[in-house]
Structures are given as structure tokens and as C-alpha cells.
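Residue numbers (my numbering): 1472 to 1678.
A few of these clues could be false.
What the hints assert, rightly or not - Computed list of lysine-lysine pairs in DSSO-like fashion (alpha-carbon distance at most 27 Å, straight line):
| id | residue 1 | residue 2 |
| --- | --- | --- |
| 1 | LYS1658 | LYS1671 |
| 2 | LYS1671 | LYS1604 |
| 3 | LYS1529 | LYS1490 |
| 4 | LYS1610 | LYS1547 |
| 5 | LYS1604 | LYS1618 |
| 6 | LYS1640 | LYS1658 |
| 7 | LYS1568 | LYS1604 |
| 8 | LYS1651 | LYS1604 |
| 9 | LYS1513 | LYS1526 |
| 10 | LYS1495 | LYS1547 |
| 11 | LYS1610 | LYS1490 |
| 12 | LYS1618 | LYS1547 |
| 13 | LYS1658 | LYS1513 |
| 14 | LYS1554 | LYS1604 |
| 15 | LYS1618 | LYS1526 |
| 16 | LYS1568 | LYS1513 |
| 17 | LYS1671 | LYS1610 |
| 18 | LYS1658 | LYS1529 |
| 19 | LYS1529 | LYS1640 |
| 20 | LYS1651 | LYS1640 |
| 21 | LYS1529 | LYS1651 |
| 22 | LYS1610 | LYS1568 |
| 23 | LYS1618 | LYS1658 |
| 24 | LYS1554 | LYS1651 |
| 25 | LYS1604 | LYS1526 |
| 26 | LYS1547 | LYS1640 |
| 27 | LYS1547 | LYS1651 |
| 28 | LYS1526 | LYS1658 |
| 29 | LYS1568 | LYS1529 |
| 30 | LYS1604 | LYS1640 |
| 31 | LYS1651 | LYS1618 |
| 32 | LYS1554 | LYS1526 |
| 33 | LYS1610 | LYS1513 |
| 34 | LYS1671 | LYS1618 |
| 35 | LYS1658 | LYS1610 |
| 36 | LYS1568 | LYS1547 |
| 37 | LYS1526 | LYS1547 |
| 38 | LYS1568 | LYS1671 |
| 39 | LYS1526 | LYS1490 |
It is worth saying that the hints were derived from the structure and are not from the lab.
Because the structure is a prediction, the values reported are computed rather than measured.
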Amino acid sequence: VVYAVLANIDLDLAEYVAKELGIKTPPKQQDSLHQPVIASSKRLSTSSFPASDIKQRKIALLVHDGVNASSIDDIKIWADAEKAIVETLAPNAAPVKSSDGNEIPVDGRQNGEPSVTYDAVIVIDGNNLEVFKADGVSKHYVLETYKHLKPIVFLGDKCALIDEFQLTKDAALFSTQNFKEIQDQFKQAIQNHRLWDREKVVAAIPA
């Protein structure tokens, strides 16, 4: 143990243990041990095998009172055609009021349906940007999704959150006034599972 393990970790400690055990002091080890070269294999990479569709993929829609109902309708029509699962998540289980005053039922609470259970997130537009910015759960939801390398869409007024959260634009982060403009790119991002290139910039994300 002294020669095979401790000497490779801490030579001073190895010398102390050797002295206490009354055995010969181990020699100084090489500065670095030989590291075998391991060839990478594309067959082990999810990026090499993107899905052919987004059937049964789960997409969370983050909403608050004042949400734009037409955006939700457009997304649900698209998701239904793609056979994807869309769930509307609010601060609590009560329906939210749309910007035109109508009630919109929700599928769950943002603090009860964590981002790790979804493949992508869409932050719905409305006249409620300040409400969103004051909601710590919603902010954490977005940051966690970003840190986990998943696709995110910011619609309308919520595009301002990209700068607010100091996020870096990439191939899986979308900002638009109209979901239909990016729905094909969003689908492709979901098919790709995760955006691994984002790993380089997420270390400082507090999520």
C-alpha cells in the first residue's frame, strides 16, 4: 500500500507511514503516470443518433396571469401534429388569466413539476414580464433548463430574459415574437436531445 498507493498520492505521507512501520522509504514517483489513450466512439454519443421525431417528448409552457393565449394555442396545435406532450405550468394549480381576461386551465405547478422531467421549455409571452422576473421559482426553472443543456424558447416580452439572466445565445436557445417562425428549428433541437456545446458556458449558472 505504501509503495503502490500512498507514494502516488503524497510522498511525504508515504515516507511518514513507512517510517512508522519500519520499512524502507519509498522512492520518489514520476511526476505523471502513464495515461492510456482511449479512442472515442461515435456509437456511444447521443448526438450521433438524433431522433427522427419528437413523439412523446414533454414540453413545459411557463405561464403567469396576463399570458398570451394565442401563443399557447399555436404551440398546442403544433405539438398535437408532432404527437409531442405539452403541459402548461403556473405558479399554482389555479387557472391563469389570459391577457384578454379569459381563464386558462393549467396542468401543474412549476414547483411541483420540475424541469428535469421535461425535454424542453417555452416561456410564454404576455403582459407580465415583471411578474415573471419577480418569481424565483420561474427564474430557477429557466436557469436549470439552460444548465441542463435543453432547448428553451422565449416568446415576445420574455425575450428580455436572455439578457436579464445573462444567457448565451446558441443553437438550442430561441427568441421570437411568433412561435411559428422557429418551430422547425425548435423541433430539431429537441430531436438532438441536448446541446452539448453549451457545457462550456454553464458552469457559472446558479442552478
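To see whether the hints hold, each was checked on the structure:
no. : hint              : in the structure
1   : LYS1658 - LYS1671 : holds (23 Å)
2   : LYS1671 - LYS1604 : holds (26 Å)
3   : LYS1529 - LYS1490 : violated (62 Å)
4   : LYS1610 - LYS1547 : holds (23 Å)
5   : LYS1604 - LYS1618 : holds (18 Å)
6   : LYS1640 - LYS1658 : holds (17 Å)
7   : LYS1568 - LYS1604 : holds (18 Å)
8   : LYS1651 - LYS1604 : holds (25 Å)
9   : LYS1513 - LYS1526 : holds (24 Å)
10  : LYS1495 - LYS1547 : violated (74 Å)
11  : LYS1610 - LYS1490 : violated (57 Å)
12  : LYS1618 - LYS1547 : holds (26 Å)
13  : LYS1658 - LYS1513 : holds (23 Å)
14  : LYS1554 - LYS1604 : violated (32 Å)
15  : LYS1618 - LYS1526 : holds (24 Å)
16  : LYS1568 - LYS1513 : violated (48 Å)
17  : LYS1671 - LYS1610 : holds (21 Å)
18  : LYS1658 - LYS1529 : holds (12 Å)
19  : LYS1529 - LYS1640 : holds (22 Å)
20  : LYS1651 - LYS1640 : holds (19 Å)
21  : LYS1529 - LYS1651 : holds (18 Å)
22  : LYS1610 - LYS1568 : holds (20 Å)
23  : LYS1618 - LYS1658 : holds (19 Å)
24  : LYS1554 - LYS1651 : holds (17 Å)
25  : LYS1604 - LYS1526 : violated (32 Å)
26  : LYS1547 - LYS1640 : holds (25 Å)
27  : LYS1547 - LYS1651 : holds (11 Å)
28  : LYS1526 - LYS1658 : holds (10 Å)
29  : LYS1568 - LYS1529 : holds (24 Å)
30  : LYS1604 - LYS1640 : holds (19 Å)
31  : LYS1651 - LYS1618 : holds (25 Å)
32  : LYS1554 - LYS1526 : holds (5 Å)
33  : LYS1610 - LYS1513 : violated (35 Å)
34  : LYS1671 - LYS1618 : holds (10 Å)
35  : LYS1658 - LYS1610 : holds (23 Å)
36  : LYS1568 - LYS1547 : holds (18 Å)
37  : LYS1526 - LYS1547 : holds (14 Å)
38  : LYS1568 - LYS1671 : violated (39 Å)
39  : LYS1526 - LYS1490 : violated (66 Å)
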